[in-house]
Amino acid sequence: MTEHQTQELPPVAAFHYQALCGLCLAVIFLAQLNQGLLIPNVFCILIGALCLFSRLTLGPVFLLVMVGVAQWAYYFSLGRGSAQRARALEITDIILCAAVVGFVAAHFRLQSIWQSVLPSDPRRRAGPPRRQFPWLRKQPPVVAQKRPQGQITPFELAGLVLSLSAWAVAAQILWALLPKQVEIIGLPPRVLQMIVVAWGLAVGFLIVRGVFSLWRFRQADSATAQLILQDTLWKETRGEQRRIQRWLAWWKWEKRERGQPS
Amino acid sequence: MLTPRGWWFFVALLALLAAALATATATFVLVCLAALSWFLGQWAMFAVRLRRAHGRLEIHREIWDERAPLETLWARLPAEVRLTLESPVAFPFVWMVDRVPPLAQRVEGENATAGPVSAEQPLEMGYRIECPAPGLLRFEGVKLQVADLQGFFSKTLFVRDVRVVRVLPALADARGQIPAVKRHNLIPLPGGHPHRRAGTGHELLDVRDYLPGDPPKLIAWKASARRDRLMTKELESEVPVRCTMFVDLSHSVRIGAVGRNALARIVEITASVLQANAAVRDLTGVCLFDEAQVKAYLRPGRGSRHLYEITNLLTDAACLLPRTDDVPLGRLLPTAYGIVQDLYPDWLDPGVNYMPLWLPFWAAQPAYTMPRRIVPAKHWWSRGLRWLRRRLDDTPFGLRRGRASRFSVYYHRLYKARKQVAAVLAVLYDLGPGGLALLLEDDETCRRYVQRFLAEHQTPCPLPFYDDRGEYLFGSSGKIDVLADALLQAVYRGRDNELFVLLADFLEAGPHLEKLLRAVRVALARHHQVLVVCPWPPSVPMPQRKKVVGTLRVPSKSEGALRVPAEGDGTRSVPTTLQDWLGRASAARLHHAFTKVRQAFARLGVPVVLSAEHEAVGMVLHRLQRLRTLERGLR
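Protein chains in written order, with the numbering used here: chain A, 1 to 262; chain B, 1 to 635.
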């Protein structure tokens, strides 16, 4: 994006993310109202709005919990048999998923602007000393690295909004891959689903990690490659090397004690 | 890569997904799966961006004054550092920090900035620095912290771009004035007499009565006719005044922060004398020495090339850091580990530099490989005890420190730092396949390489000044011998009218000065002049010259009571803390040592001045002036 293009676009600020959060909350309310939820739905929206205006760090998690509570109440009222119905590509679910992901993403981006985008570094402190938990001694507060509001671009906002439906569809695909009415060795379907999700995540992590490790090894420069080789050799022959070097160190001191040149 | 925020959200998401699956609420499972796929997608995109950017991030650094980019800097003149980070891969948020070299001080602007980076939009930064002393500015590179927009993932990178810039001594004349625009005229003005002694030159110095034996061609006929007696013209000597500066580079003068220690002051004095001599076309030489040898010797000369040659030598020497074999490894390793964390963060990754958690417990360092003080047995009967103690140390029962320390958290942390630093140093200094184990087991070798690593990165570390017997660790007597030999060599090579300035620390030399005093006697016997400039720690008050005001008495070994001088302004303050008392006692000991050095040289008629005094440069120039105006017949 060139500077010329940036000047032509309208300025974007944190307010736009707040507006997106509000819009997502409204969509969540309507989607759940369409399911017939009212009281839990209202609580859900109130909690979401409270988290938004109070800038609560755990706001997105609270909203997820409230949506979960509302949905559990809905399925509890319908009865257990209806809970395992196939819900492939229901438009209400897709809209609800997109709205929840939109709220979560926008709220976390707001936290990067309001609080910090990088993990706090306890070595970087500035300002007058003050007591913080556990109140033992006064220390200057840790400097929080916030994202400046002026760096928000319209493209990131548009990209987020456009990608929401993709994540909702991805959830539908994953849901379709989960076994629904299958029983293996007497395990109920819900346990089987949990096992499949756990194994899917674990195997997926291993594969992705392996791919990235190979990629990293291919990109390594000569010094890094030397470090990897040296570390592998040390891991394999650690005991032998340790014995030899300790004997040499002892021998050096022994020679020095006897007055011989080392 | 995952930040605490990312970890918490990921764990919460997994817990909610598990709860949703357990309660079989399909819509909520879908919601959790959507959030999970979004989170994993962000993770994958961040990791791919990082991998694609690996090795392709570029730093462009320029140092500017008001007009143009610079290759070398001048001390005490500000300069602007401009940085540009270019990345072919777009990152939504990058925090960039430039490491300001220890020699430089940031006077304006911030050395950090944050913002997005892409191929079309580089990240730029600028700040102004000023160097208080000459030396070498070593810019290591730029530290980057990359994060996504949500703050879930972050990665610390370091773009290495080592650049060493020389900071030359400030252009100053004898009075310490810095010329702004006009340059020094290196050619003396017509009619000036730079060498006011009679000789065989061409400039007229004086007219005197004719003496039998004077060459007839020098008879001043007009003056003879006017006075009615024969007069002879006396011409000026063209033998120039020479000055050789002996600069001490031993570890004792390097103590302190870079650019703010005694060595920096010595270099400043040498450079000032050099520039003042160049202005009057006097010849200046320099001899750099340390405890072991003469590092460099440049015979007295003049000309711009000679001037720059000496200036470069002094500049390179000004940033040396002290080193000692008696510093515990536990003091060095945390500093070195911090440097490695900052400059080589990718080399601490567990994939390339693995550290098993259980290793410090399993393979703690035994006592028999640790450095031990060698105390010779004084009596015949103590030899047996020493032998027995050594044998016990070498047995498995002798793992005293190792056994106790393997349960300590501090030892585990130190062991981890040592292993990872050793791996990095073994690669940096090409120690071969066994280098890692060598540095991990041999304390002495590890200490040597760690100190070299710290010195190369201009990082001072806390050093002990005294050993456990109370002896000063930096008072090496070797440099006295080296200096004495160098002085004799200079006398041997020297000509008439030479001034030898010894800029060396003799305060802790003790009784080893005799050889140097003999060399000084030789120089004086050859009609040379000698001046001693003694480096003085900047933080210690200088001794009173005329009267001692406000003294306090503390016990002393030699005198029973040692005079502790008051502060520099003459006010008397009673020390209240142990630190104050130690500071006062240390100052008193230095004053006592200085008095002894001054007395030793005063017996030979050699003045001793302190480097911290403002008139140190003036004193050297005054001695040169005396050489220039020596009366005829005195020699």
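Some hints could be false.
Said to hold, decoys possible - Derived DSBU-like pairs (lysine-lysine); straight-line CA-CA distance at most 35 Å:
hint: 1; chain 1: A; residue 1: Lys235; chain 2: A; residue 2: Lys255
hint: 2; chain 1: B; residue 1: Lys222; chain 2: B; residue 2: Lys233
hint: 3; chain 1: A; residue 1: Lys235; chain 2: B; residue 2: Lys143
hint: 4; chain 1: A; residue 1: Lys252; chain 2: B; residue 2: Lys416
hint: 5; chain 1: A; residue 1: Lys252; chain 2: B; residue 2: Lys295
hint: 6; chain 1: B; residue 1: Lys515; chain 2: B; residue 2: Lys596
By construction, these hints were calculated from the structure, which means they are not laboratory data.
Hints, one by one, checked against the model:
Among the hinted pairs, Lys235/A with Lys255/A is consistent with the structure: their alpha-carbon atoms are about 30 Å apart, no more than 35 Å. A hinted pair counts as satisfied when its Cα atoms are at most 35 Å apart, and Lys222/B with Lys233/B qualifies at roughly 11 Å. Taken as a hint, the Lys235/A and Lys143/B pair is honoured in the structure, with Cα atoms around 30 Å apart against an allowance of 35 Å. Restraint check for Lys252/A and Lys416/B: satisfied, since their Cα atoms lie roughly 25 Å apart, inside the 35 Å limit.
With a C-alpha separation of about 30 Å, the suggested pair Lys252/A and Lys295/B falls inside the 35 Å cut-off, and the hint holds. Our distance criterion of 35 Å between C-alpha atoms is met by Lys515/B and Lys596/B, whose separation comes to about 16 Å.
Every hint, counting from the list given before, is met by this structure.
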